[in-house]
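Engineer: Spelled out from the first residue to the last, the chains are:
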Amino acid sequence: MTRNPQLNRHGELQHLLTIDGLPRNILERILDTAAPFTEVAEREVKKLPLLRGKSVFNLFFENSTRTRTTFEIAAKRLSADVINLNIATSSASKGESLLDTVDNLCAMQADMFIVRHASSGAPYLIAQHLAAQKREHIHVINAGDGRHAHPTQGLLDMYTIRHYKGAFNNLSVAIVGDILHSRVARSQIHALTTLGVPDVRVVGPKTLLPADVQRMGVHVFHNMRAGIKDVDVVMMLRLQNERMQGSLLPSGQEFFKFYGLTEEKLALARPDAIVLHPGPMNRGIEIDSAVADGSQAVILPQVTFGIAVRMAVMSMLAAT
Amino acid sequence: MTRNPQLNRHGELQHLLTIDGLPRNILERILDTAAPFTEVAEREVKKLPLLRGKSVFNLFFENSTRTRTTFEIAAKRLSADVINLNIATSSASKGESLLDTVDNLCAMQADMFIVRHASSGAPYLIAQHLAAQKREHIHVINAGDGRHAHPTQGLLDMYTIRHYKGAFNNLSVAIVGDILHSRVARSQIHALTTLGVPDVRVVGPKTLLPADVQRMGVHVFHNMRAGIKDVDVVMMLRLQNERMQGSLLPSGQEFFKFYGLTEEKLALARPDAIVLHPGPMNRGIEIDSAVADGSQAVILPQVTFGIAVRMAVMSMLAAT
Amino acid sequence: MTRNPQLNRHGELQHLLTIDGLPRNILERILDTAAPFTEVAEREVKKLPLLRGKSVFNLFFENSTRTRTTFEIAAKRLSADVINLNIATSSASKGESLLDTVDNLCAMQADMFIVRHASSGAPYLIAQHLAAQKREHIHVINAGDGRHAHPTQGLLDMYTIRHYKGAFNNLSVAIVGDILHSRVARSQIHALTTLGVPDVRVVGPKTLLPADVQRMGVHVFHNMRAGIKDVDVVMMLRLQNERMQGSLLPSGQEFFKFYGLTEEKLALARPDAIVLHPGPMNRGIEIDSAVADGSQAVILPQVTFGIAVRMAVMSMLAAT
Chain A
-6 MTRNPQLNRH GELQHLLTID GLPRNILERI LDTAAPFTEV AEREVKKLPL LRGKSVFNLF
54 FENSTRTRTT FEIAAKRLSA DVINLNIATS SASKGESLLD TVDNLCAMQA DMFIVRHASS
114 GAPYLIAQHL AAQKREHIHV INAGDGRHAH PTQGLLDMYT IRHYKGAFNN LSVAIVGDIL
174 HSRVARSQIH ALTTLGVPDV RVVGPKTLLP ADVQRMGVHV FHNMRAGIKD VDVVMMLRLQ
234 NERMQGSLLP SGQEFFKFYG LTEEKLALAR PDAIVLHPGP MNRGIEIDSA VADGSQAVIL
294 PQVTFGIAVR MAVMSMLAAT
Chain B
-6 MTRNPQLNRH GELQHLLTID GLPRNILERI LDTAAPFTEV AEREVKKLPL LRGKSVFNLF
54 FENSTRTRTT FEIAAKRLSA DVINLNIATS SASKGESLLD TVDNLCAMQA DMFIVRHASS
114 GAPYLIAQHL AAQKREHIHV INAGDGRHAH PTQGLLDMYT IRHYKGAFNN LSVAIVGDIL
174 HSRVARSQIH ALTTLGVPDV RVVGPKTLLP ADVQRMGVHV FHNMRAGIKD VDVVMMLRLQ
234 NERMQGSLLP SGQEFFKFYG LTEEKLALAR PDAIVLHPGP MNRGIEIDSA VADGSQAVIL
294 PQVTFGIAVR MAVMSMLAAT
Chain C
-6 MTRNPQLNRH GELQHLLTID GLPRNILERI LDTAAPFTEV AEREVKKLPL LRGKSVFNLF
54 FENSTRTRTT FEIAAKRLSA DVINLNIATS SASKGESLLD TVDNLCAMQA DMFIVRHASS
114 GAPYLIAQHL AAQKREHIHV INAGDGRHAH PTQGLLDMYT IRHYKGAFNN LSVAIVGDIL
174 HSRVARSQIH ALTTLGVPDV RVVGPKTLLP ADVQRMGVHV FHNMRAGIKD VDVVMMLRLQ
234 NERMQGSLLP SGQEFFKFYG LTEEKLALAR PDAIVLHPGP MNRGIEIDSA VADGSQAVIL
294 PQVTFGIAVR MAVMSMLAAT
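Chains as they are written, first to last, in the numbering used here: chain A, -6 to 313; chain B, -6 to 313; chain C, -6 to 313.
Calculated directly from the structure, the hints in this document are not laboratory data.
Among the clues, some could well be false.
One copy or any two copies: either way a pair holds, since identical chains are not told apart in the list.
[Said to hold, decoys possible] The list that follows gives simulated cross-link-like pairs (lysine-lysine, DSSO-like), each with its CA atoms no further than 30 Å apart:
no., residue 1, residue 2
1, Lys158, Lys127
2, Lys127, Lys39
3, Lys199, Lys222
Build the full structure now, drawing on both the sequences and the hints.
Structural biologist: So this is what it looks like as structure tokens:
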């Protein structure tokens, strides 16, 4: 991986695999491109011909109806032909390797792969394989790989922050919860630091923070009250239920007591602070319903902007 | 529920949740609107642009490929973008509540929800939630909720009866079978009485009739021969297999003997009587194959009219 | 079956059920029709309006994501409305018979059924049922039935051979592997003999060859080296994993030793011989990776041509 595999030789976005290493101008261009797509969604006819006649494959090796739906909607609003392949539950692969599956779909003239995989790096592997075959007209979007990255989620978070706060260069942002297992958190940290946020904080118990998280340029807090003090943006993470069954956490109730976002804790942030959550929420575990449904939450606008951001990425890739 | 939640303030159809309480003029307008759509289906290009650029979600919390298919076809023939969400088998919800799921799809600019749910009232709950948020441009169609209602099935039955009998005001109609557990029967009874059918009969064993069924304005028969004597229309219900395993019924064979529709029993109805069934049929349990495939059966035309009725409801809602 | 049920009274293709009995001019016309569709796939907008407004049902009683995908892409590129019905895993049928399901979909104005079924003859049964009802405007394509046939696979193999070899009348072709359980092999043999290939060979152990295979006009070899000596085309078959668990075969490793295609064995064929495989491949069992990824393999072009051949068949049927 000597050259950034998601940029072509002209420095344009060829694939979207991770926010890590994407230059600031590319991130900003994605956000700028997304803006007009939010207006498309308000029209009577929510349809643009930008991907007409293109074949977009939702290649989901890990089930996620919610994420699949957002990409399916984005692609259909761009007039693409969308084919859903749920390979986790399908016997289709019949033991076929990942790359044999990809080669076959390329032979069917795929134009774009939206890839979700439990293994970190699977979308990279596909992108490198395509590059080795000089298939530059086929594009890969990472829709979540293992603990590694979920770049469109990170991008929609950035779009949301910019929408409400105008700029990044004077913000304090706290990311709260299970940083260790979160691909979303990694994408968020890379995006925030690249876009110039001067104060990025991660807040969580030691057992849920990566050992070397400071190296990513963030401030670490184990006490939530200290961690969200005077911040402009609180980004809550989803607590995976499976974590609570192990030894990492005492219980959901206990977690809520220390790291759940309540109105009382939120009062420590700036009065105009916004609250983000990638969904689906565990109400009463990482977030209180009063906050989730309150006036500072921008959780549903995140979803709306997420469609626009995905349309932006798809249309940029298709134009490369 | 002081005001009928499925009508807007102008008395137009905002949602289709149940036939119960729908005024006669709305029922008749749906049937009138459906008529030209039956002709679309005969064309070379079965496609109208009425829902172009609209996002229709098949939100199925209970699996029903058959019902889902009819709505999917209807929506696609109206040029909508259709997204199927089979939430029963999906891990997508991840414990998320019904209304959080709905809020998320609304944030994706959904235009219409087709809702199937094992719990009576789920589509109502969604409609009330949308009303509370002043989301008047989003519409809900009930595709079957618990034992409560299945209004498009009731409407297609009415379309079928009107098609073959011309009018409702001089008819005798018998509904035969498991009235107690049937959401279809409840929708049919409401529709028939609202449209002015003077003689609506329900026919079945005591164990499969609701205690207060007379209050719905029907005549009750436990003897099938008496119940279908001289009727113009026989509406058979599907016997749920799971009922036969309990104590409510001795056996399928026994049921057929008393309440199965045979040619011999059908001869007691008027010579031009028609036979309806919502499908899928249990041949040899509630209906004999000789009748199911006979000249008086209009079971397949029901399916055809069902597509047209669903196109009519969708296009009326989209125009509201 | 006195008349070929897949031809109409004018001798045109009404259904595609099997290659067995299809006249040579029909086979050639399908291959000729497919040629321009390979160019569509290279265009920016891979879309033709030939099936616009048509309802194509993928009626899969046996799961096969791969085959379903190829038909779905072909139909969507012809602008059809595609509805996927995975009846194997669905509770939709609720005990309904195959023909009741078909009748219902016909009543929804289906135009074309793509049928996959574990039972040999299921697509025939549907075609005969449609004929009995004089539904000549509805077409059936067999996408694999039991051990019987998989005609579009056979046709795409013929397209591939013609593409690389120009003509059929001077070729030696070897089909290698589990002939006994392969619907693909049966379709291939019928196609090759009909198109005039003078030397068709089948190669495999006695336990995996049908007893009367000679009657199909082929030469039988149990020794692979003899069987592929000087051939122009090697058609490898997929070894079903389930076969290896029974008593028919010692082990995958053993099979590979005798019947796996290696570079060393392939060197016995003509230097310009091509290698086909229907996919998905079991690397190291029926084929060595060096061959699968080598310069003589045309396995991925087969996939590309398969989309064009399916578009050709669909458009020919729709025009009948």
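Engineer: Now tell me, hint by hint, if it's right for this structure.
Structural biologist: So, going through the hints one by one against the coordinates:
no.: 1; hint: Lys158 to Lys127; in the structure: between (42 Å within a copy, 27 Å between copies)
no.: 2; hint: Lys127 to Lys39; in the structure: between (35 Å within a copy, 21 Å between copies)
no.: 3; hint: Lys199 to Lys222; in the structure: within (19 Å within a copy, 67 Å between copies)
Of the numbered hints listed earlier, not one is contradicted by the structure.
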